[in-house]
Amino acid sequence: MSKYLNLKPKVIGRRSSILGALLFAFFIALSAQFGPYNQTQLANVSMLLIAVLSITLLTGASGQISLGQGAIMAVGGYGAALLVVRLGINMWLAFFLAIFISALFGLFLGLAAARLSGPYLAGTTLVMALAIPSIAVRFEGFFSGDVGFSVDYGVPPEWLSNLVGEITIEEWSLYAVLPFTALALIAVLNLSNSRTGRSWRAVRDNEVAAALSGINISRSKVKVFVCASALAGLAGALYGFRGLVAPSVYPTDLSLTLLTAAVIGGLRSIGGAIFGTFVVVYLPDIIEKISGGLEISESIGTHLPALILGALLLLTVILNPRGAAGSLEHLRHHKKH
Amino acid sequence: MESLLTAIFSGTAQGSIYALVSLGLVLVWRGAGVVNFAQMGQAMFTTYIASQMIQNDYSYWSAFVVALAAGGLLGGLVDLGLMRPLTSRKNSQLLNSQSMRNAIPIIASLGILGILKALAGIIWAGEERGFPGPVQPNPISFGSTNLAITSFDLFVIAVVFFTLLLTTIFFTKTGMGLAMRASALNPEVTRLSGIKVSWVRTLGWIISGTASSLAGLLITPRTNLSPNTLDLLLIIGFTAAVVGGLTSLAGAVLGGFILGYVISFVSVYSAPENVFIAILLFLLFALFVRPQGILGSKEVRRV
Amino acid sequence: MLTIKNLVTQYDSIKALDDISFQAKPGVITTVIGANGAGKSTLLRTISGLERPTSGTIQWFDKELTRMSVEAIVRGGITQVPEGHAVISQLSVAENIELGGLFRKRIARGDLAKATTEVYELFPLLYDRRNEPAGSLSGGERQMLAISRALVSRPKLLLLDEPSLGLAPLITAQIIEIINNLCRNTGLTVLLVEQNANTALKVAEHGILLALGKVVADAPARELINDSALRTAYLGY
Numbered sequence: 000m001s002k003y004l005n006l007k008p009k010v011i012g013r014r015s016s017i018l019g020a021l022l023f024a025f026f027i028a029l030s031a032q033f034g035p036y037n038q039t040q041l042a043n044v045s046m047l048l049i050a051v052l053s054i055t056l057l058t059g060a061s062g063q064i065s066l067g068q069g070a071i072m073a074v075g076g077y078g079a080a081l082l083v084v085r086l087g088i089n090m091w092l093a094f095f096l097a098i099f100i101s102a103l104f105g106l107f108l109g110l111a112a113a114r115l116s117g118p119y120l121a122g123t124t125l126v127m128a129l130a131i132p133s134i135a136v137r138f139e140g141f142f143s144g145d146v147g148f149s150v151d152y153g154v155p156p157e158w159l160s161n162l163v164g165e166i167t168i169e170e171w172s173l174y175a176v177l178p179f180t181a182l183a184l185i186a187v188l189n190l191s192n193s194r195t196g197r198s199w200r201a202v203r204d205n206e207v208a209a210a211l212s213g214i215n216i217s218r219s220k221v222k223v224f225v226c227a228s229a230l231a232g233l234a235g236a237l238y239g240f241r242g243l244v245a246p247s248v249y250p251t252d253l254s255l256t257l258l259t260a261a262v263i264g265g266l267r268s269i270g271g272a273i274f275g276t277f278v279v280v281y282l283p284d285i286i287e288k289i290s291g292g293l294e295i296s297e298s299i300g301t302h303l304p305a306l307i308l309g310a311l312l313l314l315t316v317i318l319n320p321r322g323a324a325g326s327l328e329h330l331r332h333h334k335k336h
Numbered sequence: 000m001e002s003l004l005t006a007i008f009s010g011t012a013q014g015s016i017y018a019l020v021s022l023g024l025v026l027v028w029r030g031a032g033v034v035n036f037a038q039m040g041q042a043m044f045t046t047y048i049a050s051q052m053i054q055n056d057y058s059y060w061s062a063f064v065v066a067l068a069a070g071g072l073l074g075g076l077v078d079l080g081l082m083r084p085l086t087s088r089k090n091s092q093l094l095n096s097q098s099m100r101n102a103i104p105i106i107a108s109l110g111i112l113g114i115l116k117a118l119a120g121i122i123w124a125g126e127e128r129g130f131p132g133p134v135q136p137n138p139i140s141f142g143s144t145n146l147a148i149t150s151f152d153l154f155v156i157a158v159v160f161f162t163l164l165l166t167t168i169f170f171t172k173t174g175m176g177l178a179m180r181a182s183a184l185n186p187e188v189t190r191l192s193g194i195k196v197s198w199v200r201t202l203g204w205i206i207s208g209t210a211s212s213l214a215g216l217l218i219t220p221r222t223n224l225s226p227n228t229l230d231l232l233l234i235i236g237f238t239a240a241v242v243g244g245l246t247s248l249a250g251a252v253l254g255g256f257i258l259g260y261v262i263s264f265v266s267v268y269s270a271p272e273n274v275f276i277a278i279l280l281f282l283l284f285a286l287f288v289r290p291q292g293i294l295g296s297k298e299v300r301r302v
Numbered sequence: 000m001l002t003i004k005n006l007v008t009q010y011d012s013i014k015a016l017d018d019i020s021f022q023a024k025p026g027v028i029t030t031v032i033g034a035n036g037a038g039k040s041t042l043l044r045t046i047s048g049l050e051r052p053t054s055g056t057i058q059w060f061d062k063e064l065t066r067m068s069v070e071a072i073v074r075g076g077i078t079q080v081p082e083g084h085a086v087i088s089q090l091s092v093a094e095n096i097e098l099g100g101l102f103r104k105r106i107a108r109g110d111l112a113k114a115t116t117e118v119y120e121l122f123p124l125l126y127d128r129r130n131e132p133a134g135s136l137s138g139g140e141r142q143m144l145a146i147s148r149a150l151v152s153r154p155k156l157l158l159l160d161e162p163s164l165g166l167a168p169l170i171t172a173q174i175i176e177i178i179n180n181l182c183r184n185t186g187l188t189v190l191l192v193e194q195n196a197n198t199a200l201k202v203a204e205h206g207i208l209l210a211l212g213k214v215v216a217d218a219p220a221r222e223l224i225n226d227s228a229l230r231t232a233y234l235g236y
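Protein chains in written order, with numbering that gives the first Met the number 0: chain V, 0 to 336; chain A, 0 to 302; chain D, 0 to 236.
The shape of chain V in the complex, shown without the other chains (with noise of 0.2 angstroms):
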């Protein structure tokens, strides 16, 4: 399977379409069999996913670095708690117009960035993750500061309970999240592999010679970035409504973790960019198991994870700047020889 997850031109839409499907298919039958804590968790893998996918879009597919995607979340989270909450808007609805609106965010940032570059553009993005969530301490009355807003996804509806069953409250935001999810895998499998895709790699590997042979770069540009900021304020929409939309939820560290998994992955492949998302996402989990018997204080407890992701980023650079996609497929390669 993992052939396909990677961000290859011989992909095609049809067969992504299935995937998305497979996936969405065995996720919800993956869920049925865990514990709620696990749903929750299996939903902040489905949630972080999309986010993460815009990395592997803006850096993986178009050599784009940006550091602020956490807070392009925090402008889809906004963006759609202030139509529920102020507006009374549909929640679904209100998913869609964030989309919209973190697209429209992301096509003025794009402009900026179209003349930017490596380091410019990731300090840019970088100063952009502090300053957005400081906006809403800033416009109190309108984004109703450090407090933010309290959102979710309500209720199951009565016709899918009576389809599968008794839903619990952490199973349904789990069933609410993963129909994006698979829009969102569909969608970058399906955009990697157009024309346009083709252009952003021509762009990442050389600019001169994309422009030589034709492609608008700037274009180019201000397009992955309206792409990638509809899925991270997708994401940002999603990740609120788990219950929260206030600044404390979309920190700086969250801009860099989704970096993180993106890079441990694998910046260029699909796949990478789940396992990634799982390790980043279960990386407490796993270890608290294996320090399960031994004593450890709670500020290593509190500050392990974030030192082995950081750890495993570095090793990533350094050894393997592929990533884990990387390695599946080279050492693939190595068999068939």
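One or more hints might be untrue.
[What the hints assert, rightly or not] List of simulated lysine-lysine pairs, DSBU-like, C-alpha gap at most 30 angstroms:
hint, chain 1, residue 1, chain 2, residue 2
1, D, K14, D, K4
2, D, K113, A, K172
3, D, K201, D, K213
4, D, K62, D, K24
5, D, K155, A, K195
6, A, K195, D, K62
7, D, K113, A, K195
8, D, K201, A, K195
9, A, K172, D, K104
10, D, K4, A, K195
11, D, K14, D, K24
12, A, K195, D, K14
Simulated from the structure, these hints should not be mistaken for lab results.
Could you slot chains A and D onto chain V? The hints should help.
Relative to chain V, chains A and D alone:
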């Protein structure tokens, strides 16, 4: 009038610290082509070391010296252990692409930042703590009126000006300083002059580490110390470096002071909550109005 | 004696130098001529260590250069003046010259001062403009500065890459004459890469003709200068 004086004095004191951070970033960028996002993580770590020493009853000054040395050591280690192998490596498929060659060192520096923060959290429990200065922040009075500047501010300004003076002498009067400028401007001609450019780069990392460690020691008496306190300083320093042109040492210092005044005027005349947005707007303004910076030259900007 | 044997340097799959062998005698000028893309610059860059050869050896007397770093090769007395009047234009004239001798500051401070005085005597023009940025110099002055930077390192072997590029014939002649005198008076060995074959062959004792990365002629300069068949075939005039 009084608030104007406050803004000017506090802008000078803060700006001098930002100048150090910006100088550190520019030194590494010029030499190695890397913006080191871990820079203030390194400074945070060395300030914790100093804090630990003071707690163990060492004098402020011995802690001060140890922190500076640790800053230099950490900078050197980051280059030797990570950046040098990363930037000199060839033949990785990912590094064949232009943009990824730029991205990899940035990602690596974020990895260092994450590790240093987590380590500080594990070793020093991560909660916010105070950090002393060598002098009490007593307000300076002129005649009967209290000026809006403390003795600690004066100490900060004096230390930074002394450091900048030393740096200027180093770069303009010594052979090593010449080697550093030459390596940044044209590494190939410098190598062909028999100078070991990679070691000159490492020296740049060491000086940068020391300068940011000093910035950490000077800012924390005001802000307190926690693993995240210096993040703000990093983005201010980055903005200052961009304002100065990212390749000019003098521009970096000037940019630092400009940011100092912008921030202090915003917090005095507007509100401290507006500082973040002011930095973002100022950065965007600088990037679009004068992308080469106030002292940078247009052709050297690597875009 | 510079001895090059079976040298191959590749860029990806293209062989810029394809099995090159020749010798350059000490104390004289040997010139390497050839059309654009013949591999002349690659040859000098490989000798300097800027490019790593795929195979073959480069020996300076009994020292094998192919495994040495660029800096070690310079410190061993082999200095290159790269193509295009390579000076650092933001630094002053004096700083450019100082840069060339910087690595000798600790080992031979006295001689360094002497070498600096010598290059200023050689190029008095540079002394007059020593405090100006190198970027303000004319093409010819820049080339003189680039040579001066190399000379203060007291090289045994000087590698010159197209010193005549973009310069007026008169200035080229002046520069070549100075190099020629240095050779005669100090025993300096020179490997002169030139596209301008006539100028180069006039002062050189020996000539190597490169075409598409291969040595096609290796003969005393006065023989090459008269071989019109060779010139028409490989240099196109």
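Structure-based check of all given hints:
no.: 1; hint: D/K14 to D/K4; verdict: 16 angstroms, holds
no.: 2; hint: D/K113 to A/K172; verdict: 20 angstroms, holds
no.: 3; hint: D/K201 to D/K213; verdict: 23 angstroms, holds
no.: 4; hint: D/K62 to D/K24; verdict: 15 angstroms, holds
no.: 5; hint: D/K155 to A/K195; verdict: 20 angstroms, holds
no.: 6; hint: A/K195 to D/K62; verdict: 20 angstroms, holds
no.: 7; hint: D/K113 to A/K195; verdict: 24 angstroms, holds
no.: 8; hint: D/K201 to A/K195; verdict: 37 angstroms, violated
no.: 9; hint: A/K172 to D/K104; verdict: 14 angstroms, holds
no.: 10; hint: D/K4 to A/K195; verdict: 28 angstroms, holds
no.: 11; hint: D/K14 to D/K24; verdict: 26 angstroms, holds
no.: 12; hint: A/K195 to D/K14; verdict: 29 angstroms, holds
Checked against the numbered hints listed earlier, the structure breaks hint 8 alone; every other hint is satisfied.
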